[in-house]
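Chemist: Protein chains in written order, with the numbering used here: chain A, 812 to 1110; chain B, 812 to 1110; chain C, 812 to 1110; chain D, 812 to 1110.
Think of the hints as simulated: they come from the structure by calculation, not from any bench. The reader is advised that the hints may include incorrect statements.
The list cannot tell twin chains apart, which means a pair is met if one copy fits it or any two copies do.
[Claimed, not checked] Once the Cα atoms are required to be at most 25 Å apart in a straight line, the calculated BS3-like pairs of lysine-lysine come out as: (1) Lys814 <-> Lys878; (2) Lys936 <-> Lys814; (3) Lys1083 <-> Lys878; (4) Lys1083 <-> Lys1066.
Keep in mind the model is a prediction, meaning the values are calculated, not measured.
There are 4 protein chains.
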Amino acid sequence: MIKNPVAWPDGARVAVSFTWDLDADSLLHIMHPTDSYRRVATQSLMRYGPEVAVPRIVEMAKRYGVKMTFYTPGWSVERYPRAIEYILEGGHELAHHGYLHENPNERPPEEELYWLQRASEAIRKASGRKPVGYRAPWFKYSEHTTDFLAQEGFLYDSTLMGDDVPYVLESAKGRIIELPFHWAMDDYPQYIQNDDLNYLMPIKAPNQAMEVWMAEFEAMWEYRGLWVTVWHPFNSGRLARCTHVAHLIEYMQKKGGVWFATSEEIAHHVQKSIDAGTHRPRVDRMPYYREPIPELRRT
Amino acid sequence: MIKNPVAWPDGARVAVSFTWDLDADSLLHIMHPTDSYRRVATQSLMRYGPEVAVPRIVEMAKRYGVKMTFYTPGWSVERYPRAIEYILEGGHELAHHGYLHENPNERPPEEELYWLQRASEAIRKASGRKPVGYRAPWFKYSEHTTDFLAQEGFLYDSTLMGDDVPYVLESAKGRIIELPFHWAMDDYPQYIQNDDLNYLMPIKAPNQAMEVWMAEFEAMWEYRGLWVTVWHPFNSGRLARCTHVAHLIEYMQKKGGVWFATSEEIAHHVQKSIDAGTHRPRVDRMPYYREPIPELRRT
Amino acid sequence: MIKNPVAWPDGARVAVSFTWDLDADSLLHIMHPTDSYRRVATQSLMRYGPEVAVPRIVEMAKRYGVKMTFYTPGWSVERYPRAIEYILEGGHELAHHGYLHENPNERPPEEELYWLQRASEAIRKASGRKPVGYRAPWFKYSEHTTDFLAQEGFLYDSTLMGDDVPYVLESAKGRIIELPFHWAMDDYPQYIQNDDLNYLMPIKAPNQAMEVWMAEFEAMWEYRGLWVTVWHPFNSGRLARCTHVAHLIEYMQKKGGVWFATSEEIAHHVQKSIDAGTHRPRVDRMPYYREPIPELRRT
Amino acid sequence: MIKNPVAWPDGARVAVSFTWDLDADSLLHIMHPTDSYRRVATQSLMRYGPEVAVPRIVEMAKRYGVKMTFYTPGWSVERYPRAIEYILEGGHELAHHGYLHENPNERPPEEELYWLQRASEAIRKASGRKPVGYRAPWFKYSEHTTDFLAQEGFLYDSTLMGDDVPYVLESAKGRIIELPFHWAMDDYPQYIQNDDLNYLMPIKAPNQAMEVWMAEFEAMWEYRGLWVTVWHPFNSGRLARCTHVAHLIEYMQKKGGVWFATSEEIAHHVQKSIDAGTHRPRVDRMPYYREPIPELRRT
């Protein structure tokens, strides 16, 4: 079912990357720029991420010996330094997720680049090292993003959904590795109900949400794919849900054949396999489009 | 429970038609004509259909010896020639699904006809043969559609929801066979969450979605009906979901009494049964209405 | 758990009334007055109600010896005479559901009364008898509705949700019996997805929807309440769903202690019990409010 | 998984507080100030709360010997005196929930204070005592709320979501205890469908909704947290759902290690533990923000 699987290290059948978008309350401010400061309950909901969930997740990851990736807006890096310390001390990866969770699809390219650089610098300041991985806020990867990531020296992106295994994005400015996921791997559709976020789902029990992610895992294990979560500390890191994450890790470890890795480690492995000639990846020339498609003119 | 069942070939209890709407990214362009080119993540999500899912589905269909139907917008036929080759080489049916997934209910009749003809021509060019089957984009079958389909020589439509078995649509211009389905047979309500598509469902696990389609199958099997999916390669063709489609086919084959057929084969069988006088179908005079109902004037 | 249960006939523990809102396509016309005639797919979806589902439901009801109630807009009565014949020949009740499913909460009282009378007349013409029961379209019972129902000689209403057992609505013009239900008893939240109806639910499998109604039934059976569905032929009358309705009736009949009755029969029983002094109902003086509440002036 | 658990009385593993937001129809009036009086069906739905559900809940609570908290808007206290009597006679806590369920985030501070005082007075009149606990209507806790609660002498709030255990909110005007919950503990996402409330969820069966709350309970029991519901009498107090609440209480009592308490009792216990120096709580300086964040200026 998968045409071009990557040979994972040590013969593992699946690469598993627990990745967390640590937005904190950045979203609230960008969505309600004039009165976010008034919306204290949603602030408290989202601050639970860096303040309560991150220490819990880091502790849990340590218990199971698993390294994870935290895609964090630059503003959140600056605002919640203790959470960032937990992440770094735990040996986890800090990756790029915009500066204020701003939407690159609604901004001119020079603004996208400005925020990209500003957030990279925030991560460099906090961790001593520029990020090598990126996930676009709101998944709003733009027609310029590949160019910008390549010229800024990024190794990989994890925003797109075009395959079940890593592939390569190539632009005029260079190449990056894409670590794809898809919407079923996100925890918003399972758990989030909040009118300040303009998002109302019929909240599921953790075991029901886990069925979705387990089904993805079993298939990726069977066919040697890549399993990447898009979870949020304030959401899947809530107590009851986090206990189910722990059970999932236990299940995976018991089943075996799983390579637990940060996104960076996976991207490096793919890059190395390409360089060594042991893997010939799919290469997508980016962007797919530079302007409205001409066929629309008649409509 | 079904008044007027069709006698399916070889005494089968149910006619099963796996039909896929291969929209690719046509929807995105029609929904966001000025800036679809910026929305790369959703492009990648939808391109997964022709690039990853179609080869997978075709391979799976071959494994089980099942022929399927792919309702494909003309633009997608032109844009993704390799996917179309897979479909045709696999012996599957290529059917009509508009040109750019444009909405016929929002357009004057001459535009509906223009796009209908343009997409037919795109399919003819790709396959050497004009399509004989149609499904209206967005299910927006118009008051002129029956006329247009009849005059353009179509054999059947599969957009309407008026019965559990095929019936006949008759207009001033001729007759076509209707292969009805209903919304429960669509995979969007089970699986899709995407703000660019303005569509937010609480994504289900594949086994939960399958319960919906299994219930329809069991009932159609019991009462000798027609089971037609409206699935999308980028959606039900994702890895985990597609493994469940495979299990479903296995289940159906084991159960027996199932006639797996393309929509065209089913329509032909119905037409032949009518011509032979062995089936007297329901005939609906179309359209049901030509103008606003007069009773509304008082309201 | 129920303070004031009604003593049902023959010591039954629960009164069960299968009631169907046979809207047909009235909703579509009232929601899209200028272009409903263009939306053929949704027409076909809703016409399935009178054309396919009603004969099926009537046949099923006959098989189990159960009488049901069909709340039908006057326009639908006029438009689908064969469905009405099925209903009447089956011995079922034809009740009032507006004329074109118009919303009484958005209309002046004289218009509400106009449509109420017009639809009553449509039912009288079709059945030889004015309806005695009412359910407001969209559940939009107005501050005038009790008055109008009382003066028009109605026996009961089944729109409100204020109790688990029948109660009395009293206005200056007289009294009617209220047969309450609540939203969990409606089949739209379980099954409907249709953009023309501006309504998008994640369609459930019939067995999952049945869990909702079964839970209500078990509780009403336990505590001697009233179980009233708000189902729609085009929806719960679809083949797979209808087979589950049949199973539910079988289950109820096997369990015993169930009084299957039309809404009219239940209202008559309650009225008789009140008249005989064997039941002292809750009486609500209507309307609850005649104008905006005064406390709002400060806000 | 919980860093700083509170030692609950008698070595209990979890503090359980059944709290009900007894809005009655206040929401309807605030959402539709000009024509709420016309919307009789939703009035009846919401009046079910004080008229049918509250007596049922109080009786059930008595059966199990559990005390609960009812957050009630002042207007509802005035409007439904018999429900309030039931609550008080049952020994339950009457807490503050705004006056008309007005949104503090959309009002100037002087209005927030006006309604806060007016509702406190309504509760004092009804119960002889000012409320000591608060939950903001719509969860719209403002940047002034801590100040107001502290200066008005409140002991605690239960609106925020920043932790799994109680914590302290400190402002210039004083300190209050926060008893946090989160959206999964609310019963709207599980059960509510009502267009007058502009809220459409795919209503679940009670056993499915209970899975959500049970998962939270099991985790809080395991890690010694706080379990606080945000249920509504008109909603979780409906018959079938309420029978499941009863089963849940039975389950909890059988499992043991549960301290059933009102919110006030929990807040008192926490305060006492702090005063005695046996618990060092997290203290949040409030508000988190006083104005739009400066980083937004560039965006």
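Chemist: Does each hint fit the structure? Answer for all of them.
Modeler: Against the structure, the hints come out as follows:
1. Lys814 <-> Lys878: between (28 Å within a copy, 21 Å between copies)
2. Lys936 <-> Lys814: Neither, since 41 Å and 28 Å both go past 25 Å.
3. Lys1083 <-> Lys878: within (20 Å within a copy, 41 Å between copies)
4. Lys1083 <-> Lys1066: Neither: 27 Å inside a copy, 48 Å across copies.
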